[in-house]
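J.: Just so you know, the protein sequences line up as chains A and B, in that order. Numbered by this note's numbering, the letters in the first sequence go through residues 1 to 371 in order. Numbered by this note's numbering, the letters in the second sequence go through residues 1 to 371 in order.
Simulated from the structure, these hints should not be mistaken for laboratory data. All C-beta atoms, glycine included, are put in the ideal place defined by N, C-alpha and C. A couple of the hints might just be wrong.
[Stated by the list, open to error] Ranges of calculated distance between the beta carbons of each label pair, as one might list FRET restraints:
{"hint": "1", "chain 1": "B", "residue 1": "Met16", "chain 2": "A", "residue 2": "His126", "range": "53 to 61 Å"}
{"hint": "2", "chain 1": "B", "residue 1": "Pro148", "chain 2": "A", "residue 2": "Glu362", "range": "51 to 59 Å"}
{"hint": "3", "chain 1": "B", "residue 1": "Lys12", "chain 2": "A", "residue 2": "His126", "range": "55 to 63 Å"}
{"hint": "4", "chain 1": "A", "residue 1": "Asp17", "chain 2": "B", "residue 2": "Leu7", "range": "13 to 21 Å"}
[To be verified] Straight-line alpha carbon distances no greater than 30 Å define the calculated DSS-like cross-link-like pairs of lysine-lysine that follow:
{"hint": "5", "chain 1": "B", "residue 1": "Lys14", "chain 2": "A", "residue 2": "Lys12"}
{"hint": "6", "chain 1": "B", "residue 1": "Lys277", "chain 2": "A", "residue 2": "Lys12"}
{"hint": "7", "chain 1": "B", "residue 1": "Lys331", "chain 2": "B", "residue 2": "Lys211"}
{"hint": "8", "chain 1": "A", "residue 1": "Lys9", "chain 2": "B", "residue 2": "Lys331"}
{"hint": "9", "chain 1": "B", "residue 1": "Lys277", "chain 2": "B", "residue 2": "Lys211"}
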Amino acid sequence: MPSSSLLDKAAKSKYMDLKTFGITQAMYIWVDGSGQSLRCKTRSLDKEIKEISDLPMWNFDGSSTGQAEGSNSDCFLKPCAMFNDPFRGAPNKLVLCEVLSYKMEAVETNHRQTCAGVMNQVKEDHPWFGMEQEYTLLDVDGHPFGWPKQGFPGPQGPYYCAVGTGNVYGREVVEAHYRACIYAGITISGTNAEVMPAQWEFQVGPCEGIKMGDHLWMARFLLHRVCEDFGVVASFDPKPMNGDWNGAGCHCNYSTEKMRLPGGFDEINNAVEKLSKRHNYHIQAYDPQGGKDNMRRLTGLHETSSIFDFSSGVANRQASIRIPRHVGEEKCGYLEDRRPSSNCDPYTVTEVIARTTILNEEGDVVLKLNC
Amino acid sequence: MPSSALLDKAAKSKYMDLETNGITQAMYIWIDGSGESMRCKTRSLDKEIKEISDLPMWNFDGSSTGQAEGSNSDCFLKPCAMFNDPFRGAPNKLVLCEVLSYKMEPVATNKRQTCQEVMARVKDDHPWFGIEQEYTLLDVDGHPFGWPKQGFPGPQGPYYCAVGTGNVYGREVVEAHYRACIYAGITISGTNAEVMPAQWEFQVGPCEGIKMGDHLWMARFLLHRVCEDFGVVASFDPKPMNGDWNGAGCHCNYSTEKMRLPGGFDEINNAVEKLSKRHNYHIQAYDPQGGKDNMRRLTGLHETSSIFDFSSGIANRQASIRIPRHVGEDKCGYLEDRRPSSNCDPYTVTEAIARTTILNEEGDIALELNY
Numbered sequence: 001m002p003s004s005s006l007l008d009k010a011a012k013s014k015y016m017d018l019k020t021f022g023i024t025q026a027m028y029i030w031v032d033g034s035g036q037s038l039r040c041k042t043r044s045l046d047k048e049i050k051e052i053s054d055l056p057m058w059n060f061d062g063s064s065t066g067q068a069e070g071s072n073s074d075c076f077l078k079p080c081a082m083f084n085d086p087f088r089g090a091p092n093k094l095v096l097c098e099v100l101s102y103k104m105e106a107v108e109t110n111h112r113q114t115c116a117g118v119m120n121q122v123k124e125d126h127p128w129f130g131m132e133q134e135y136t137l138l139d140v141d142g143h144p145f146g147w148p149k150q151g152f153p154g155p156q157g158p159y160y161c162a163v164g165t166g167n168v169y170g171r172e173v174v175e176a177h178y179r180a181c182i183y184a185g186i187t188i189s190g191t192n193a194e195v196m197p198a199q200w201e202f203q204v205g206p207c208e209g210i211k212m213g214d215h216l217w218m219a220r221f222l223l224h225r226v227c228e229d230f231g232v233v234a235s236f237d238p239k240p241m242n243g244d245w246n247g248a249g250c251h252c253n254y255s256t257e258k259m260r261l262p263g264g265f266d267e268i269n270n271a272v273e274k275l276s277k278r279h280n281y282h283i284q285a286y287d288p289q290g291g292k293d294n295m296r297r298l299t300g301l302h303e304t305s306s307i308f309d310f311s312s313g314v315a316n317r318q319a320s321i322r323i324p325r326h327v328g329e330e331k332c333g334y335l336e337d338r339r340p341s342s343n344c345d346p347y348t349v350t351e352v353i354a355r356t357t358i359l360n361e362e363g364d365v366v367l368k369l370n371c
Numbered sequence: 001m002p003s004s005a006l007l008d009k010a011a012k013s014k015y016m017d018l019e020t021n022g023i024t025q026a027m028y029i030w031i032d033g034s035g036e037s038m039r040c041k042t043r044s045l046d047k048e049i050k051e052i053s054d055l056p057m058w059n060f061d062g063s064s065t066g067q068a069e070g071s072n073s074d075c076f077l078k079p080c081a082m083f084n085d086p087f088r089g090a091p092n093k094l095v096l097c098e099v100l101s102y103k104m105e106p107v108a109t110n111k112r113q114t115c116q117e118v119m120a121r122v123k124d125d126h127p128w129f130g131i132e133q134e135y136t137l138l139d140v141d142g143h144p145f146g147w148p149k150q151g152f153p154g155p156q157g158p159y160y161c162a163v164g165t166g167n168v169y170g171r172e173v174v175e176a177h178y179r180a181c182i183y184a185g186i187t188i189s190g191t192n193a194e195v196m197p198a199q200w201e202f203q204v205g206p207c208e209g210i211k212m213g214d215h216l217w218m219a220r221f222l223l224h225r226v227c228e229d230f231g232v233v234a235s236f237d238p239k240p241m242n243g244d245w246n247g248a249g250c251h252c253n254y255s256t257e258k259m260r261l262p263g264g265f266d267e268i269n270n271a272v273e274k275l276s277k278r279h280n281y282h283i284q285a286y287d288p289q290g291g292k293d294n295m296r297r298l299t300g301l302h303e304t305s306s307i308f309d310f311s312s313g314i315a316n317r318q319a320s321i322r323i324p325r326h327v328g329e330d331k332c333g334y335l336e337d338r339r340p341s342s343n344c345d346p347y348t349v350t351e352a353i354a355r356t357t358i359l360n361e362e363g364d365i366a367l368e369l370n371y
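Pulled out of the complex, with its shape left as it was, chain A reads as follows (with noise of 0.2 Å):
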């Protein structure tokens, strides 16, 4: 078990409880030049911060990061989104920021910036989302947490939502992050264990237009941050294990307003139209590769649709894009695109659903897939 966590909590929790003298701790979280990593650093603010634009403008060393050359390294921080901070209490903040070159343009990982100009241009819309954030977590080794070691255990089935020791691997962690997101503030609408043993999946939802990217980001760097006091490793990585194993996901389910009113059904088929016309276009927007991760887990099997192929249909799991069975006989709803890779960044994600279904976007590309 490495270091953080062998660190003696008792000792901490006598600083933390000392007095603050009004003095704010907030931390600014960004994500980096990897496109999946995220980092953070704090700083003293001597007032109460109440809102976004009490917190100000901020920079760091973008050569650190891979964000920026040595020789004109600063970056910039700018608030986008708070929550409370669940690891340090009450009044101190979490601060999702994004990042932009010296030039005050989003860097090249900074996909929050079109995002909200797209999710803008569709608020008359109100797009909802609700992505299910897929995740397995690992022993400091590389080994999924609680396999046993240089081996493996039993075949998928029994741990699917499971209860019971030997069927659930790191449920500690899974119920200290829920109550950390809760007490943040992120909509975090549930959890459960998933297919492959150590592999655990959180929902968060409905969010509408750039929340949804904001709020599935902040979650994540509570997952990184509370794997920290275990000793852990959450990965997203969209196929942690090859073999009869399943890979991880991030499905986005979307609805528009029109899709959600009685009658709604239409709208969805039309949505589900429009974007099987662009199947490539969406897979390259579902991962940061450009597809190259989604093409070791989209196969056509354990409940994968191809990445090569689109499809559709109601209750369908090896489908690109289900339907729900309830939605179906409602006839108003939402739909699942069960393409996005557990890495994806969802900003991207729900940019591309709202430029597709809304902004009527046409045209597909060519994947290039060639490692």
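The hints should help you fit chain B onto chain A, whose structure is shown.
T.: For chain B alone, kept in the frame of chain A given last:
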């Protein structure tokens, strides 16, 4: 895990809750003959301590700290700055002291007295300082904390401002230290994980004049004392690991009132010009070995400038002096002197900067770096 941390904190806590019947514990703290390590001892006072003048002079055995001969060993402790005690709670105090010889003159490693004289002379310029103290956490065997025993972690890249097990080593210590500093009354402005794993940084400031040295030395004391509770070691060595691993610095951000006012950019450039003419004089003041410690750190690699050449630039982390990007745009603000070593004496550093840029002292020297 070594001694103090092994002892039961629950056992201690019931004693710490006992009534103290009006007795104040004042811990006198000073810098020893090494110019790097700190010492402390406590006395009881039967009254509440409201200000520095309430604290009497004291003395100690200087022959045990490399500060006097055995035959004539009394050294005096002159209280200079007072802080709340986060370890013993209110109303107890931590008292930073100057060390005087039996002739009431500053001993060799008492750099505060001359610093204070200079700061008194320049007080109308309102010099502000903000120091970025880097340090490395070590295990009791001297190896960086959390690193594999007899081995190394993966290369630098993922650790700067990181989150997650395996990316961050020792966060509990940092959290505890931050709160201890806030409670004590240190002007701690922030913290972040650094580029090398187990390396951290905290920032103290802005502090005017002599306060910079007082607050930074006390913050260092708090770090050592907090580390006792966790059984780890804080090292201020500027190059703890050879190879492709960052060193540790103590970058000094600096401004005068003129620099902070609109149009202050000219004043900043003037200061840089003056500093450029006394490079060796400053280098000699920027570590306790006249430059020999910094020789190991300032190589021109790992975001440092070369020890031999002076350079400056906007947003350039490879220069001796960096002007932050936003200062270049606002045309006023501050400069960052990146040369001081992590084990520098902040009194010496701030005094040298004030002498060169406000008192306009001139002339450079030759460095004596031969072993």
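J.: Quick one: which hint numbers does this structure break? Sort them smallest to largest.
T.: The structure breaks hints 6 and 8; every other hint is satisfied.
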